[in-house]
Amino acid sequence: MTNGWVDIKNTDVILAMGGNPAENHPVGFKWFMEAKKTRGAKLVAVDPRFTRTAATADLYAPIRAGSDIAFLLGIIRYAIENKRYHEDYVKVHTNGPYVVSEKFEFNDGLFSGFDAGKTEYDKTAWAYEPDPKTKAYGVDPTLQNPRSVFQLLKKHVERYTPEMVERICGTPKDTYLKVCQIVTSTGVPEKAGTITYALGWTQHSTAVQMIRAAAMLQLLLGNVGRPGGGVNAFRGHSNIQGATDIAGTFDILPGYLKTPPGSSQTLKDYLEAATPTTLNKEAWASMNYWQNYPKFMVSLLKATYGKAATKENDFGYAWLPKVDGNYSWMYICDDMYRGNSTRVGGKEPGPEGFISFGMNPVGLGPNSKKWVAALAKLKWLVVAENVETETPIFWKSPKQYDPPEASKIQTEVFLLPAADFAEKDGTFTNSARWMQWKWKAVDPPGQAKSDQEILARIFLAVRDLYKKEGGPLPEALANLSWSYTNPVEPDLGEVLKEINGKALSDIPDPADKTKTLKTAGQQVDGFGQLQDDGSTMCGNWLHSGVFTEAGNNAQRRSTADPTGLGMYHNWAFSWPANRRIMYNRASADAEGKPWDPKRPGIVWNGEKWVGDVPDMKPDAPPGTFGAFIMLPEGVGRLYASGMNDGPFPEHYEAVEAPIDNPLHPKVTSNPVSKKFSSDKDIYGKKEDFPIVCTTYRLTEHFHYWTQHQHDGVLNELQPGFFVEIPEGLAQQKGIANGSQVKVTSARGSIQGVAMVTKRLRPMKIDGKEMWQVGFPIHWGYAGDPNHTGPLANTLTPSAMDPNTWTPEFKAFLVRIEKA
Amino acid sequence: MSVQQNLEIRRSSASVWGSQSGMRSVPTVSKYIDTTTCIGCKACEAACIEWNDLRHIATEQTGTYQTLPTLHAEYWNLIRFNERDFDGGLVWLMRKDQCMHCEEPGCLAACPAPGAIVQYANGIVDVNPDQCIGCKYCETGCPFDVPRFHQTTGKMAKCTLCVDRVSVGLEPACIKACPTGCLQFGTKDDMVALGARRVEQLKSNGFTNALLYNPEGVHGTGVVTVLAHGDHPEWYQLPRDPHVPILVRFWKSFLRPLGAIAIFGAVIGALTHYTKFGPKEVRGVDAPDRNLPDA
Amino acid sequence: MSAARPQRPFDTAVVAARDRENVIVGNEIVRHRLVSRVIHWSVAVTFFVCVFTGMPIWTPVFGWMAHLFGGLTVCRLLHPWAGVAFFLASGIMFVHWIGDMRLEPGDREWLGPKAFAYMRYETEDTDIGKYNGGQRLFFWAAGLGAIGLLLSGLLMWFPRAFPPLLLEFAYLIHDVTFILFAVAIVFHIYLGTAAEPGTFGSMVRGTVTREWARLHHPRWYRDVISGEEDRRR
Amino acid sequence: MELTRRGFLKATAVGSTIALGFDVARAKAEMREFKISRTTETRSVCPYCAVGCGVIIHTLGDKSKNAKASVVHVEGDPDQPVSRGTLCPKGITLKDDITHKNRLTKPKVRRPGSDHWEDISWDDAIAKIARHVKDTRDKCFVAKNAKGEVVNRNPGIAMIGGCTDTNEFNYLQWKVITALGVPYRDTQARV
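Sequence order for the protein chains is Y, H, G and B.
Read in order, the letters of the first sequence correspond to residues 1 to 819 in my numbering.
Read in order, the letters of the second sequence correspond to residues 1 to 295 in my numbering.
Read in order, the letters of the third sequence correspond to residues 1 to 233 in my numbering.
Read in order, the letters of the fourth sequence correspond to residues 1 to 191 in my numbering.
One or more hints might be untrue.
What the hints assert, rightly or not - Calculated lysine to any residue pairs in the SDA-like style (CA-CA distance at most 20 Å, straight line):
no.: 1; chain 1: Y; residue 1: K497; chain 2: Y; residue 2: K408
no.: 2; chain 1: H; residue 1: K276; chain 2: G; residue 2: E122
no.: 3; chain 1: B; residue 1: K144; chain 2: Y; residue 2: N313
no.: 4; chain 1: B; residue 1: K128; chain 2: B; residue 2: R111
no.: 5; chain 1: B; residue 1: K106; chain 2: Y; residue 2: Q447
no.: 6; chain 1: H; residue 1: K276; chain 2: G; residue 2: F187
no.: 7; chain 1: H; residue 1: K280; chain 2: G; residue 2: L215
no.: 8; chain 1: Y; residue 1: K742; chain 2: H; residue 2: G89
no.: 9; chain 1: B; residue 1: K147; chain 2: Y; residue 2: G446
no.: 10; chain 1: Y; residue 1: K83; chain 2: Y; residue 2: E34
no.: 11; chain 1: Y; residue 1: K758; chain 2: H; residue 2: Q61
no.: 12; chain 1: Y; residue 1: K467; chain 2: B; residue 2: K128
no.: 13; chain 1: Y; residue 1: K377; chain 2: B; residue 2: R111
no.: 14; chain 1: H; residue 1: K280; chain 2: G; residue 2: M93
no.: 15; chain 1: B; residue 1: K65; chain 2: Y; residue 2: G446
no.: 16; chain 1: Y; residue 1: K468; chain 2: B; residue 2: K147
no.: 17; chain 1: Y; residue 1: K467; chain 2: B; residue 2: K147
no.: 18; chain 1: Y; residue 1: K758; chain 2: H; residue 2: G89
no.: 19; chain 1: H; residue 1: K276; chain 2: G; residue 2: G99
no.: 20; chain 1: B; residue 1: K144; chain 2: Y; residue 2: V344
no.: 21; chain 1: G; residue 1: K114; chain 2: H; residue 2: Y274
no.: 22; chain 1: Y; residue 1: K408; chain 2: B; residue 2: W117
no.: 23; chain 1: Y; residue 1: K91; chain 2: Y; residue 2: T38
Hints in this document: simulated from the structure, not taken from any laboratory.
The task is simple: from the sequences and hints, build the whole structure.
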């Protein structure tokens, strides 16, 4: 989230799309209702189903799953056509005025630079046009230059007329125009609107571009960085925000530093490649905060290898594993299944050992059968869990997941009982980036142990083995700093201190060399004090400030809210730098005056920025720097050359497309979206599978987790799996409400109770009648015996977004019949 | 930490007279339900079960989001889901169903067991399991079909408005839980005022039939409900004009006293007759065959 | 009691009253043979269980009765079952007595003037058989009442199985029936004991004296006597 | 104290029942008592979605030496600015999640080719796992990639972390995979 949960109460219009907040974030949804009740805010719900969110919405617009980009670009078109965008904002805070190189083109579904062989784009074709004199970006403040981002955008969205949107999305034109009218009503300074989304956008082969489209719309309407505005992603788990912040995925180190590739052999190479050079040095120059990259990286290496990390040995950079290519979720599955992978042209082994701390790949999918088959090829599998999920018992999974004979599965499986949230302390980072400390309430049941103890014991045992027996690169283990008071079960408070970072030697004050900012051993106040010479260490620069000399700020519990805007600066700690609204500089105009005085984000009072923690050099007068300090442009991107699938979003059908793309039939699906080629990766044709299907969660259950609760209340509230089917389709197929129905995709079929409902409507797509069905995840072959069910992800395809490599769970093709 | 001092009784079932206890006058409390901001998340259902430690009952998926077809002795709080075509589109109505804590409780009126159903000074209507005899009269008395017979305890069971929480100054469990704030709790006056404001807002948003459901038939309820479609309470499975069944009133407050009098009357009648006429027998006639030794 | 009279071999009347009716034994006439009396008392007992378990539930005025059976809850448990028992007993009684209870033309008047006249001891009706019109009417009323109480009682027992309105009426019927029943019973008891000495004996010992019979049921007395004479010849 | 009060009330109950046929004092006496008046409260954060609602976990006993704490009730934390004491059905039933009987309580191992679990001690489990990790790393370690660049990675192991891992644990996890050279790393955030 760019803003916070409570901040939603400050909005005038909410576009809830690509998510069902009432269902999945009911408590956060309170602030939607608050805005409705106290400000008369309008809630617009766009969803394939008439959801719990829609039930309370002022306007509901049905949409075909996977067609969101067309819907959003249509709104952008409407805003530009009818001059309902926030022009001053666009000029000051976006790259709308920037001039793009002649090399950029878009013809029948393909951007310039497409390499059909590699199915990849050469992104250099999308660069800005450097100004001949300054070599900086060319800028046209009038937005009139035909090669300006704004004009190119205008041209790009030309095709997304309400008629075309109706044809692609199935949204009735009149409803759609109402949506456009309400959403673009915030394109004025005195109004603010927010867009909220969740996995209904992130889980598509065009996911990132959907979100881009939303962000672009918000930039055009001048809603980014403002209280009551923003682009707000609702994360679905208590700490996946934290997981990504702190290197949960292969491609990033803590704090979104890049995992070094094989090509960066030395720290110097690496830092040069990773640190962006400031290109815009003119007015609204970019602060380009990433130029501090070396400080963050070196401090991280110091935290990782402690004393062993010295200037001489590149702070141990060589010991860091380097990556070549992709090691993410579906590649893990594929490489496991195939037993090897090809990296920079050479064959390398695939995983033969697998460690999972509380994750359930078989349930999560996609394509559960492939996961079962892949796990069966492992030599060993370790799962630390609260309950016995599908994954650790894949070897006894039911027939329909076609597992090999148990006797033929050579995998040694360890199932370790782990403590749950109440049985350990530590911090969770919520969707609003708040790091909140939780205290331990009870001991784990039986022999269960906290996951930090399980991990530490394994690590220490392996380290001992290397001490005794040696092996490849033992120093990587030997030098890893593990200097916790109790190495077997590190105290999480200590760990958080390490994450915050501290001075290793006195740090001189840059302003006055005679003074010191911090003396050796002191916790740093924030990432501003980090150094690139090894005099500081910090486990995650983004979190720096969470555990200062003042103590553990994640434990702060003040309910004071002086701004009245729901920022609560003294409740817990919000990264970065306890900032509550990201890009808040954009909440003020060129002079630093708030667009809406009633809802100021930050304000320039003559000598400094006041209000929220400024997303800006606190004493830099307006005009010094652009509002988006992390971007080399310094402004928000209506045009992003960094994407793998185009600088502008474009509507592409899902990988399993129910129609040919009406805009460019030759390029129906995302040309660079990724698929797999094993015998388990089967993709369905619209001829065999005419129905669009989507998956989702229920408010009464959590993932593959709560249905394990024996005699649990949640199992009382939602006892089992069901399939939601529109009345019309049910009639055609002779399916009665409550009867058994079978849903089949190219990858398998599942059966469950039919829930025949008015909430799914028949759709007219590209002139043809089309049906959508959907079903919740949550059930599987593990769980409380009375509450098992089919795995939803048996049906989902292994296709993914080319930027995030997130699977396309939300739009695929099926057929249904009476069971 | 017993709590019984905190609540005094306004009215008690099957009481002959003077059921009011104590002197304190406390404000009547009320729940507020805004069906227009309810998302049917069932937090209230769960909170009710958790707080009151209700037993797990087996449910099954029958093609609806609604947990059970109706209330149950182990399930006092149920959200009723209704899909309705409306104005060319669809409305998905969710309404929290539970005891309405009527100002004029039909259950209490019907209850024959002294003190088995009480209305506390603050308006909460509660079943006192210790006094309840499980006769189910209250089922007939209740215009909202709320009380349920509990098989294992043999007592009636229903929402207590978390009297144990309220009596120590807390809100009921369901109210505290409600994520969207469609449930509120406070004095009846405050809740009615809140409801009136919300209804006005709805009307200005085009729901011209919006109203605050607080039926006069039972002199108002301790649960006031905002309905966007006030002209169709039945869409929410609410009775249009609930009242304590007239026949219940008749037999309870008229027929039975009358009957009692009639019976006493009969006895007195018999006595009077006896004193006036004495026994009916033959006296003085010669009756040879009565001269028996043992006669 | 035979032990009380050693000089007599045995009490012929009581012996006779075990299985025979309408016969003269010494100066007594057997009016109710044993089985009749057992049936009558089983009805009476079940009825009183119903009364004492029902009335405290009926209205708190009779709350004290609950203590005879260990409290209201016990009453609530006993009452429906006692009710069923009472109905069965009444049923048997009905079948057992129906022969003697066929209504006769004049009986209607017992609803009004006759009944009053009777209570004032002013009737010179010599045509009263084994049972008088009042008794016969009471018999039919009781049978009807038993059915009314049972049906309405069943509804009250299982309320969820019936529509609300029907229930409301059930309570009404149960109440009204009971009130009438109760009033009638008061008089039945009064007449059967204090008001008419000797009557009670007919339901315990089974016999009545010739005087009693001659006084209360002249026709029946004549029939019994004539029957005797026939036998003498 | 409870009992004697009840006793007294019962006595008065009988009296007044006979007198009036009803009794108020008794009705009050039997009102359910406030069940969490003396439980121990611990502030925590809901482990489900990312709203991060504050929860108060009520445990049995006062944490004294001889009391075994067990969760008896979970309720929203009214101070938490986002949730303000409210919770969704999942949050409210966290007691079930912590205490339900399907929780794992001892380490188990499934031997290669076997069709059932066997119990295993923690020490054996850790030792065996460490051995596996070491062997796999030794076997699969890639010091140089096909281009001859030093990459020091161990593609033989994949490690994934869940959704309720604390930040601190995620950091420790990162340190460990860095030490082991594991490139295959992902988390719930992806899916």
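Do the hints match the structure? See the list:
1. Y:K497 x Y:K408: Not satisfied, since the Cα-Cα distance of roughly 48 Å exceeds 20 Å.
2. H:K276 x G:E122: 14 Å, holds
3. B:K144 x Y:N313: OK: K144 of chain B and N313 of chain Y at ~19 Å, within 20 Å.
4. B:K128 x B:R111: Distance ~12 Å between K128 of chain B and R111 of chain B Cα, so the pair holds.
5. B:K106 x Y:Q447: 5 Å, holds
6. H:K276 x G:F187: 15 Å, holds
7. H:K280 x G:L215: 9 Å, holds
8. Y:K742 x H:G89: 29 Å, violated
9. B:K147 x Y:G446: 51 Å, violated
10. Y:K83 x Y:E34: Violated. K83 of chain Y to E34 of chain Y sits at ~30 Å, over the 20 Å cutoff.
11. Y:K758 x H:Q61: The given pair, whose Cα atoms are some 18 Å apart, holds under the 20 Å limit.
12. Y:K467 x B:K128: 17 Å, holds
13. Y:K377 x B:R111: With a Cα-Cα distance of about 14 Å, the restraint between K377 of chain Y and R111 of chain B holds, given a limit of 20 Å.
14. H:K280 x G:M93: The given pair, whose Cα atoms are some 27 Å apart, is violated under the 20 Å limit.
15. B:K65 x Y:G446: 18 Å, holds
16. Y:K468 x B:K147: 32 Å, violated
17. Y:K467 x B:K147: 30 Å, violated
18. Y:K758 x H:G89: 10 Å, holds
19. H:K276 x G:G99: Status violated; Cα separation ~35 Å.
20. B:K144 x Y:V344: Answer holds: K144 of chain B to V344 of chain Y is near 11 Å, not above 20 Å.
21. G:K114 x H:Y274: Holds. K114 of chain G to Y274 of chain H sits at ~19 Å (cutoff 20 Å).
22. Y:K408 x B:W117: At roughly 16 Å apart (the allowed maximum being 20 Å), W117 of chain B and K408 of chain Y satisfy the hint.
23. Y:K91 x Y:T38: This hinted pair is violated, its Cα atoms lying about 32 Å apart.
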